[in-house]
Amino acid sequence: MKYTETRTPPSPGHAEVRIIAHTPEAARAVAQVLRHCFAGAEQRSYPGPDGDTRLHLTVDTATPAGPARSWLAASRSPVGTGAHPDET
1 MKYTETRTPP SPGHAEVRII AHTPEAARAV AQVLRHCFAG AEQRSYPGPD
51 GDTRLHLTVD TATPAGPARS WLAASRSPVG TGAHPDET
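Numbering follows UniProt numbering, with no gaps: position 39 of the sequence shown is 39.
Don't read these hints as lab results, they were simulated from the structure. This structure is a prediction, so every number in the text was calculated from the model and none was measured. There could be a bad hint or two in this list.
Estimated spans, in silico, between C-beta atoms of each pair [claimed, not checked]:
#, residue 1, residue 2, range
1, 11, 51, 32 to 42 Å
2, 11, 36, 17 to 27 Å
3, 51, 13, 30 to 40 Å
4, 28, 63, 19 to 29 Å
Note that beta-carbon positions come from the ideal geometry of N, C-alpha and C, so glycine has one too.
Take these sequences, add in the hints, and give me the full structure.
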């Protein structure tokens with residue numbers, strides 16, 4: 001099943017995250033990790049068509065916290081470098 005949604009994109013510096021899990025506890029655990037790493041998590045939860053849980057949240061990617069901040073800083077390419085030859 002393909003999931004298509006017509007919504008306006010989040011504001012610059014924010015990301016919409018969709019979590020689909022078998023149980024509400026699993027969805028909440030993933031959301032908790034994201035809230036630990038990024039500021040501003042607006043959360044909405046919905047029952048899925050197959051009895052699963054769908055959790056949607058908005059995170060502020062411009063304000064990473066803790067683990068995300070250090071990971072994002074370490075993962076940025078140095079200025080002047082491009083894609084690896086096998087990535088083009």
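Hints breached by this structure: Violated hints: none; all satisfied.
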